[in-house]
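Asker: Each protein sequence line maps, in turn, to chains L and B.
323 is the number that my numbering gives to position 324 of the first sequence; each next residue is one higher, with no gaps.
113 is the number that my numbering gives to position 107 of the second sequence; each next residue is one higher, with no gaps.
I should point out that these hints are in silico values taken from the structure, not numbers from a laboratory.
Please note: incorrect hints may appear among the correct ones.
Here are a few chain B residues that face chain L, going by a calculated C-beta distance under 7 Å [what the hints assert, rightly or not]:
#: 1; residue: Leu125
#: 2; residue: Asp152
#: 3; residue: Leu154
Don't be surprised by glycine CBs; every beta carbon is placed ideally from N, CA and C.
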Amino acid sequence: MSLTKIVLDRMTAFEKLIVEFSPGINVFIGTNGTGKTHLMKFAYAACDVSKTSADYAEKLTRVFLPSGGAPGRLVRRAVGRNAGSVEVHRSGCKLKASISTLMDESKKVRIAGADEWRKKPIESVYIPVKEMLSVAPGFRSLYAQRDIHFEEIYADVLDRAYKPLLRGPVDEYRGRLIRILGRYIGGNIKTENEEFFLSNRQGNLEFTLLSEGVRKLALLLVLIKNGTLTNGSVLFWDEPETNLNPSVFGTVIEVLLELQRHGVQVFLATHDYVILKRLELQRCTSDKVTFHSLFLENSDVKCRSTDSHIDIHPNAIADTFSDIYDQEIRKTLTGDDE
Amino acid sequence: MNQVFVEKNLRIEFPPNVNVRKFDDENTHGLSHCMKAVDFIVEEPKRTLYIEFKDPFHPKAEKKDREKWIREFQSGEIDEKLKYKFRDSFLYEWSSDRVKKPIHYYVLIALDNLDPVLLTSRRDDLKKKLPLFGLPPAWTRRFVDDCLIFNVETWNKHLPYRVSRIP
Numbered sequence: 000m001s002l003t004k005i006v007l008d009r010m011t012a013f014e015k016l017i018v019e020f021s022p023g024i025n026v027f028i029g030t031n032g033t034g035k036t037h038l039m040k041f042a043y044a045a046c047d048v049s050k051t052s053a054d055y056a057e058k059l060t061r062v063f064l065p066s067g068g069a070p071g072r073l074v075r076r077a078v079g080r081n082a083g084s085v086e087v088h089r090s091g092c093k094l095k096a097s098i099s100t101l102m103d104e105s106k107k108v109r110i111a112g113a114d115e116w117r118k119k120p121i122e123s124v125y126i127p128v129k130e131m132l133s134v135a136p137g138f139r140s141l142y143a144q145r146d147i148h149f150e151e152i153y154a155d156v157l158d159r160a161y162k163p164l165l166r167g168p169v170d171e172y173r174g175r176l177i178r179i180l181g182r183y184i185g186g187n188i189k190t191e192n193e194e195f196f197l198s199n200r201q202g203n204l205e206f207t208l209l210s211e212g213v214r215k216l217a218l219l220l221v222l223i224k225n226g227t228l229t230n231g232s233v234l235f236w237d238e239p240e241t242n243l244n245p246s247v248f249g250t251v252i253e254v255l256l257e258l259q260r261h262g263v264q265v266f267l268a269t270h271d272y273v274i275l276k277r278l279e280l281q282r283c284t285s286d287k288v289t290f291h292s293l294f295l296e297n298s299d300v301k302c303r304s305t306d307s308h309i310d311i312h313p314n315a316i317a318d319t320f321s322d323i324y325d326q327e328i329r330k331t332l333t334g335d336d337e
Numbered sequence: 007m008n009q010v011f012v013e014k015n016l017r018i019e020f021p022p023n024v025n026v027r028k029f030d031d032e033n034t035h036g037l038s039h040c041m042k043a044v045d046f047i048v049e050e051p052k053r054t055l056y057i058e059f060k061d062p063f064h065p066k067a068e069k070k071d072r073e074k075w076i077r078e079f080q081s082g083e084i085d086e087k088l089k090y091k092f093r094d095s096f097l098y099e100w101s102s103d104r105v106k107k108p109i110h111y112y113v114l115i116a117l118d119n120l121d122p123v124l125l126t127s128r129r130d131d132l133k134k135k136l137p138l139f140g141l142p143p144a145w146t147r148r149f150v151d152d153c154l155i156f157n158v159e160t161w162n163k164h165l166p167y168r169v170s171r172i173p
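Hey, can you work out the whole structure from these sequences and the hints?
Answerer: Have a look at this one:
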């Protein structure tokens, strides 16, 4: 039951934007400030409330942390403008939050489609740019008890990571992915008193002693192992390249493609050439991959989607490399380096 | 009238006033049994260009040749071959007393999926091999001043010698 579409009308960075999603892997690219993370947060919040009794607009305020907890601050600012909305679609239903900047409490937020939406809960997880497992001990209880200024995605990802294992045998493909990731990080992951350890022949290593890249892959391993990422679930991953050496991207893409083949819908936001290139090289023709290029046009964010890497346009990542290459050639041809 | 040359499935045009030689011509080279040769040598006012074309997937290429190319490309063997082509060509020209200007080595690889990232990376590999990096302090002269790697699109974007595919 994957997400099919998002419609944003005068919200945060977006004036009017409609993005159709692939049921497989969705890759968002674009320069800073084109709303890649925002898009994923809007979609993630919709997935999350399908499993809880939380109100979509409340979840949005906890995920985006607008000043004073005012959902109206998520409405795109412009003179004479006082309302915006976000709709997230999946087969047969949609969840809509209409948000107003007016002071009248009764008109501030209207939610539509929530009952139908909750009839089919979606398991989801949002992996933020910052690594969280090493700061996990105590963070959840602190977050639950105190009003600390952390977007809720950080507490949520730890909730998912602390989930106990699924009952029954591990699916063959999940077993394979666990072995692949386990080999890379050099052991298994254990939890003791809310603290994560890498367990191998040398004993238990605290996460604070591990590299950030290993911690990140360990989180992915934990989420696969405990069944958070399984058929029908949705993974949002913001800049998977952060803190990872490009040499491991092939493994990351292999894992993501395999999850997609087994019914996990994936959303990635990336600035990285190697991530895109690995996807292009490692995908099979039957893999469902869509690239969404976000760009600014007259101060509005627009989106062009394509299933083919070569057709991504504009491609801020490739354009940057082309600029560097052109600069190299110009420097040689004009003899500036002589 | 432009000077037109055909190299397998590629056509290159040089303006009439450009001093260009088809260098790997067996009839004029004379040492092709023991020395490698780049495809063209172009004399520009400030430098000499050694030009090599690679068109591994041209329509007449046999399957085994394509596979050999991929193997050599992936293993870096292609850089070795490019290096020796350059050095043998240089020695030939030096022996002919024709080395008068800085030499640039330009390689065109007619593969569309060689994007600028891969072209830049191939160039760095070739620079190490020629070599253009880490030269001994005792060297007071260079036998190669720079190298560039192009695909057809970037070649036509940056150089005045138009290359096109023969349909």
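Asker: Return the status of the interface hint for Leu154 of chain B: holds when the least beta-carbon distance to chain L is below 7 Å, violated otherwise.
Answerer: Holds - the Cβ of Leu154 of chain B comes within 7 Å of chain L, reaching about 6 Å at its closest.
Asker: Does Leu125 of chain B meet its interface restraint, that is, does its C-beta lie within less than 7 Å of any C-beta in chain L?
Answerer: holds (6 Å)
Asker: Under 7 Å is the threshold here; is the Cβ of Asp152 of chain B close enough to any Cβ of chain L for the hint to stand?
Answerer: Since the shortest Cβ distance to chain L is 5 Å, the answer is holds.
The structure meets every hint from the earlier list without exception.
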